[in-house]
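Chains as they are written, first to last, in the numbering used here: chain A, 1 to 240; chain B, 1 to 240.
These aren't lab readings, by the way, just hints derived from the structure by calculation. Quick reminder that beta carbons are idealized off the backbone N, C-alpha and C, glycines included.
With beta-carbon atoms standing in for the labels, derived distance ranges:
id : chain 1 : residue 1 : chain 2 : residue 2 : range
1  : B       : E110      : A       : R99       : 44 to 50 Å
2  : B       : P213      : A       : R58       : 50 to 56 Å
3  : B       : R143      : A       : Q183      : 49 to 55 Å
4  : B       : G138      : A       : E179      : 48 to 54 Å
5  : A       : R99       : B       : N211      : 49 to 55 Å
6  : B       : V119      : A       : A124      : 51 to 57 Å
7  : B       : P164      : A       : D208      : 30 to 36 Å
8  : A       : V119      : B       : R149      : 54 to 60 Å
9  : A       : K125      : B       : L232      : 44 to 50 Å
10 : A       : E96       : B       : P213      : 52 to 58 Å
11 : B       : G138      : A       : L159      : 56 to 62 Å
12 : A       : E179      : B       : A210      : 23 to 29 Å
Incomplete in silico selection of chain B near chain A, CB under 10 Å:
id : residue
13 : T20
14 : V44
15 : S71
16 : K170
Here are a few chain A residues that sit away from chain B, every Cβ distance over 10 Å (derived from the structure):
id : residue
17 : G102
18 : A122
19 : R149
20 : E160
21 : L232
Okay, here's what each chain looks like letter by letter:
Number of protein chains: 2
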Amino acid sequence: MQPDVRGIVGVLGGMGPAATIDFMNKVLRATPAECDQQHVPMVVSSIPQVPDRTEAFRGEGASPLDAMLASGQRLADAGAQLIVMPCNTAHLWFDELQRAIGLPMLHLVEAAIGEAVAVAGAGAKLGLLATDATLASGLYVNRGAASVRWLLPTAAETLELVMPGIADVKAGRLEAGAERLLQAAQALQRRGAEVLVLGCTEIPLVLDAANAPLPVIDATGALARRAVAWSLAQRGSLHD
Amino acid sequence: MQPDVRGIVGVLGGMGPAATIDFMNKVLRATPAECDQQHVPMVVSSIPQVPDRTEAFRGEGASPLDAMLASGQRLADAGAQLIVMPCNTAHLWFDELQRAIGLPMLHLVEAAIGEAVAVAGAGAKLGLLATDATLASGLYVNRGAASVRWLLPTAAETLELVMPGIADVKAGRLEAGAERLLQAAQALQRRGAEVLVLGCTEIPLVLDAANAPLPVIDATGALARRAVAWSLAQRGSLHD
Numbered sequence: 001m002q003p004d005v006r007g008i009v010g011v012l013g014g015m016g017p018a019a020t021i022d023f024m025n026k027v028l029r030a031t032p033a034e035c036d037q038q039h040v041p042m043v044v045s046s047i048p049q050v051p052d053r054t055e056a057f058r059g060e061g062a063s064p065l066d067a068m069l070a071s072g073q074r075l076a077d078a079g080a081q082l083i084v085m086p087c088n089t090a091h092l093w094f095d096e097l098q099r100a101i102g103l104p105m106l107h108l109v110e111a112a113i114g115e116a117v118a119v120a121g122a123g124a125k126l127g128l129l130a131t132d133a134t135l136a137s138g139l140y141v142n143r144g145a146a147s148v149r150w151l152l153p154t155a156a157e158t159l160e161l162v163m164p165g166i167a168d169v170k171a172g173r174l175e176a177g178a179e180r181l182l183q184a185a186q187a188l189q190r191r192g193a194e195v196l197v198l199g200c201t202e203i204p205l206v207l208d209a210a211n212a213p214l215p216v217i218d219a220t221g222a223l224a225r226r227a228v229a230w231s232l233a234q235r236g237s238l239h240d
Numbered sequence: 001m002q003p004d005v006r007g008i009v010g011v012l013g014g015m016g017p018a019a020t021i022d023f024m025n026k027v028l029r030a031t032p033a034e035c036d037q038q039h040v041p042m043v044v045s046s047i048p049q050v051p052d053r054t055e056a057f058r059g060e061g062a063s064p065l066d067a068m069l070a071s072g073q074r075l076a077d078a079g080a081q082l083i084v085m086p087c088n089t090a091h092l093w094f095d096e097l098q099r100a101i102g103l104p105m106l107h108l109v110e111a112a113i114g115e116a117v118a119v120a121g122a123g124a125k126l127g128l129l130a131t132d133a134t135l136a137s138g139l140y141v142n143r144g145a146a147s148v149r150w151l152l153p154t155a156a157e158t159l160e161l162v163m164p165g166i167a168d169v170k171a172g173r174l175e176a177g178a179e180r181l182l183q184a185a186q187a188l189q190r191r192g193a194e195v196l197v198l199g200c201t202e203i204p205l206v207l208d209a210a211n212a213p214l215p216v217i218d219a220t221g222a223l224a225r226r227a228v229a230w231s232l233a234q235r236g237s238l239h240d
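Throw the hints in and build the complete structure from the sequences for me.
Written as structure tokens, this is what we have:
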């Protein structure tokens with residue numbers, strides 16, 4: 001049944017649920033496969049009842065950590081051999097999760113920055129679209145190589161365009177979300193951004209190479225490509 | 001955290017992986033939600049390394065039952081409270097699975113026939129597009145109400161249009177798959193079908209209300225709507 005064994009990717013998802021589906025789609029598209037059996041095996045915990053990550057970071061809501069740990073434990077119980085989280089802001093709790101779950105994890109922000117540097121070249125100005133919490137925590141800017149230069153949305157752009165745009169996507173109002181996020185992207189472009197890093201997994205659902213004013217780095221796609229490479233490199237049995 | 005508790009839907013998926021993603025999307029669209037936390041919690045086992053269902057039914061390949069049981073057990077271990085399978089042909093093993101896993105399950109074919117009868121009315125002629133195994137096993141025709149009249153693809157249409165069209169979709173060749181499946185649909189229409197039942201979860205990925213020559217009943221969508229209704233009707237705790 002499996003001459004062609006792959007590692008089982010565990011997806012700690014539901015943050016939000018559409019971003020989880022987008023990640024699964026990008027895994028599918030990044031996998032060379034002619035039939036079902038050649039695709040990457042995944043177990044997915046899409047439990048959207050995780051407290052809002054941005055509210056928790058701002059000190060305005062409950063911590064999502066317990067719910068994320070419970071979701072990660074579901075994946076471990078289901079036989080996941082690797083954990084990925086298609087949610088940027090959730091990576092504020094990455095280290096605690098990794099310690100508690102004890103499975104290898106791939107880091108979404110590292111994957112995105114790796115592709116950004118490869119595409120944009122050293123010294124390029126990277127415009128970052130992300131949640132208030134991702135921006136304010138330094139999740140991206142503290143991880144970049146020395147040669148990376150960031151441009152961020154202003155506070156007003158974050159409050160009036162980026163956060164409402166992301167909320168639009170989560171509520172299924174895709175056109176309204178696209179319009180707001182596009183305006184935020186154009187503001188970064190006017191200030192000199194050469195490449196756009198989509199640092200929230202809801203954003204590539206409405207902004208992509210076809211409608212963005214700049215080349216885009218899709219963090220979800222970058223994580224999907226790393227997860228596929230990991231899975232195809234495994235040699236253990238699926239059913240051990 | 002959860003005033004608004006929902007039941008956890010377990011998706012026994014990967015048959016194929018794109019159909020699993022399509023099902024998850026249809027759950028999302030069928031759920032009234034303004035934010036992440038109002039969406040339906042799901043755990044998903046998308047393990048595509050399940051032996052081909054049609055080959056097994058024809059006696060040309062290994063049984064998928066052991067792999068499906070292992071996948072169902074992953075879902076039980078992860079805390080699923082209900083099992084659904086977005087794969088029609090896999091329902092040939094539905095009864096064995098339900099006995100072994102011991103969790104409630106929703107039946108895809110029942111959901112599809114229920115919507116077909118509601119949409120088409122008593123006595124309407126239903127054209128069925130499905131795999132060789134789904135057709136030959138009577139999975140649909142043996143379950144229908146007495147008032148349902150079926151029209152099936154001919155053997156040549158099954159071998160030359162339907163099965164290659166489904167294989168195209170599984171391999172990501174969506175345009176070629178759409179063309180073949182559309183031809184099979186037109187043949188059913190010429191023979192008097194008034195409604196088209198898409199009885200293989202790969203088919204609605206390329207054939208829908210926008211391009212089909214007849215009204216379509218999407219089995220995947222029907223199952224998704226039943227799963228959402230089940231989840232929203234639950235009152236137990238998510239974390240018991």
